[in-house]
Amino acid sequence: MTEPLPNPAPSRHAKPLLEVRGLKRHFAVDDGALSRSGRAVKAVDGVDFHVGHGETLGLVGESGCGKTTLGRNVVKLDTPTAGSILFEGVDIAPLDDRAMRPYRREIQIVFQNPFSSLNPRLTAGAMLMEPLKLHGTADRRERQARAHELLKMVGLNADHFNRYPHEFSGGQRQRLGIARALALNPKLIVCDEPVSALDVSVQSQILNLLCDLQDRLGCSYLFISHDLSVIQHVSDRVAVMYLGRIVETASVGDIYRRPLHPYTRALFSAVPVPDPDAQRAEIILEGSVPSPINPPPGCHFTTRCPYATEACSAVTPELAEHEPGHWVRCIRLNEIA
Amino acid sequence: MIPATAPAAVEDTAVPSRETILKVENLRVELRGERGRIFAVDGVSFELRRGETLGIVGESGCGKSLTALSVIGLLPRPVGRIASGTITLKGAGNLERLPDSQMKRIRGNQISMIFQEPMTSLNPVFTVGFQISEVLRTHKGMSKAEARKRSIEMLTLVGIPLPEMRFDSYPHQLSGGMRQRVMIAMALACEPQIMLADEPTTALDVTIQAQILKLMNQLKERTGTSIVLITHDLGVIAKMATRILVMYAGTVVEEADVRDLFARPLHPYTQGLLNSILRLEPGREQRRQLYTIKGSVPSLYALPRGCRFSDRCPAVHEPCRVAEPPLVPPDDNPAGGDHKMRCWLHTKPTIQ
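Residue numbers (my numbering), protein chains in the order written: chain A, 3 to 339; chain B, 5 to 356.
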């Protein structure tokens, strides 16, 4: 069993499991048959990050910030417009389906909605055996044994082998989704909002399961969520996205102790605390997230930022290392921190 | 947890009066499904006081939404119906027996409701202005021009920029937060006594949720409307509610003031819920096991005997599997008469 590695500080020497550089995904806007406006939704617009061995990177942001698109690109359910996705040093971004195949074993995904992401016509057992068959486990008995082992790993049992998805509760279905992702022993699992559709008491069961599995198997997670408390619980490092860009990234301890980017601060302060006597200064942002078709120039957060000046709209700030391991995209950081 | 004495996040400037405006007694809602009949709401009683925010928390399927739909007379027909119990609105009498024509006059006028997903509860083929005006023209008999003027006032009140222009927008042209503001404008247009809010911010982002919750609190103070806030989010409840009902499998298992409930939850289910929620804790480095309530919510077709929570309860003991406990103040009453729960740990079974 692999011990989870200590949190690798962002360093360019140690080779991470996954490294994403300058990733962009633009979707052309359909303005009608004759239009060639060239307008595009810049869902992901120049994102860099890495995920180490046995590490969890939490990716947090509000709806429309591009976090799901980013996750889909990492598993190659979508093809990026530009940039590279280095998996163990190999760029998988330009690979076609055939060339991608060996990497599919290594990179898997768990989806948000356990009701729509399972095939209603396959039993739990058939669903778990399918990837094994596709990836070359020829012997049927071997596949069955592995499927039973997987059910056990996620807290289900042999009784569930012949059941269909509709016979399971939401939490059980998500366990099944996790078992399916684990079938081929992947090194990286993209978890896209895996607990958002679940009730509180079931949510904590699934989070415990994901953490246990990581401790036992040593896999890495790219964990996507809009829920800051979930992200805090599971992550080693956290990246905050706003309108297609990462605005802040740091270790979980650093970012929760001292969020630096004005957006991160507002986001953290807006989470309602389950304590009626909580004394907190809440930063209430004005307006809503601008359209990614026509984002504000310069820093994308200027339209809602309480500290914005003209200079913020003039240049696009770079992600800069403010403290060791704590990267922030803000030109006024030294004045406002 | 020691509660601080200073009031904080809860904006309790307007002290709710003791005057009861809505009284629900022993409400049972029957649903007819393929596998027979069930009582999805089974003996729910509560009172709503003027100017207060009553929170109803519980997990999916606990009956919290059906309770609200019964109050406003919108139970899905013919699947659901009120089997027994009374719903009394001050000044209007018993709602559960009112014919549709009279219920229509109350709905939107004295009781209004906002839903989780504003896109599906607004009509996509009419402008938002038309939809708000319709409420006013129906209930207040306003002319088109008057209704337009008042609708624009309402849009201004809920903080929609350029209200004159937005009056002519269609729902799809607005963002999720803006749509929810429109729903609130529509719900408050006739200054109802009661607004039922069913997961009003669940579909919204946290920064937008913060805006909407603040708006609801401001409007409540201005109009004196009482709010029934239904949510699964204990953070939202802590911030908004003055009193809380915790529901489980169709019944109320605990009822208390917000501070009392968070400081001294008595029912094991409430304790489990509060323990299993994730809290933002600055400086926590070590990943810990989360508390979980074992098992899952029982099917209403196969409820355990006695207490509905007995199969999952860590403190289950002998009387629990025999009889369902009543909703009463605890015998060892630490908190005055307002704290009630349904649990044999705190109530002596009288008959054996």
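Treat the hints as calculated values from the structure; they're not laboratory data. The beta carbon of each residue, even a glycine, is placed where N, CA and C say it ideally should be. Possibly wrong hints are sitting among the right ones.
Which stretches of chain B does chain A cover? Using the computed rule of at least three CB atoms under 8 Å from a CB of chain A, they are [said to hold, decoys possible]: (1) 119-131; (2) 206-215; (3) 226-236.
Short, incomplete list of chain A residues facing chain B, as computed with Cβ under 10 Å [stated by the list, open to error]: (4) GLU132; (5) VAL202; (6) GLN205; (7) PHE270; (8) ALA272; (9) ILE286; (10) GLY300; (11) THR304; (12) ARG306.
Take a look, some chain B residues computed to stay more than 12 Å from chain A by CB distance [claimed, not checked]: (13) LYS148; (14) ARG152; (15) LEU223.
Hints, verified against the model:
no.: 1; hint: 119-131; verdict: violated (count 0)
no.: 2; hint: 206-215; verdict: holds (count 7)
no.: 3; hint: 226-236; verdict: violated (count 1)
no.: 4; hint: GLU132; verdict: 27 Å, violated
no.: 5; hint: VAL202; verdict: 6 Å, holds
no.: 6; hint: GLN205; verdict: 8 Å, holds
no.: 7; hint: PHE270; verdict: 7 Å, holds
no.: 8; hint: ALA272; verdict: 4 Å, holds
no.: 9; hint: ILE286; verdict: 5 Å, holds
no.: 10; hint: GLY300; verdict: 20 Å, violated
no.: 11; hint: THR304; verdict: 15 Å, violated
no.: 12; hint: ARG306; verdict: 8 Å, holds
no.: 13; hint: LYS148; verdict: 31 Å, holds
no.: 14; hint: ARG152; verdict: 25 Å, holds
no.: 15; hint: LEU223; verdict: 15 Å, holds
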